[in-house]
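Heads up: the sequence shown begins at 1 in our numbering, then just goes up one per residue.
In short, the hints are calculated from the structure, not lab data. Please read all numbers here as calculations on a predicted model, not as lab measurements. Hints are supplied without guarantee of correctness; some may be wrong.
Computed Cβ-Cβ distance ranges for the label pairs, DEER-style [claimed, not checked]:
#, residue 1, residue 2, range
1, D32, P12, 29 to 37 Å
2, L33, D11, 29 to 37 Å
3, I47, I16, 44 to 52 Å
4, K49, L5, 49 to 57 Å
5, N43, G2, 29 to 37 Å
6, G2, D32, 12 to 20 Å
Quick reminder that beta carbons are idealized off the backbone N, C-alpha and C, glycines included.
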Amino acid sequence: MGGELVDNDNDPDTDIVAVKRNKISITPIHFDLTNYGLMKSLNEWNIDKIGL
Numbered sequence: 001m002g003g004e005l006v007d008n009d010n011d012p013d014t015d016i017v018a019v020k021r022n023k024i025s026i027t028p029i030h031f032d033l034t035n036y037g038l039m040k041s042l043n044e045w046n047i048d049k050i051g052l
């Protein structure tokens, strides 16, 4: 995640205002960085037959 901080004191429902009021701000974010295409290819490698 990135970008510039937008400080909007006019909106009391923002994380920034909550933190300024000594509240905890929790933002549920989920990143799935799994390379499903590679996983499909790995299944074709027959790694179990190599003996690793």
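Q: Could you check the structure against the hints above and give me the numbers of any it violates, in ascending order?
A: The structure conflicts with no hint, since it agrees with every one listed earlier.
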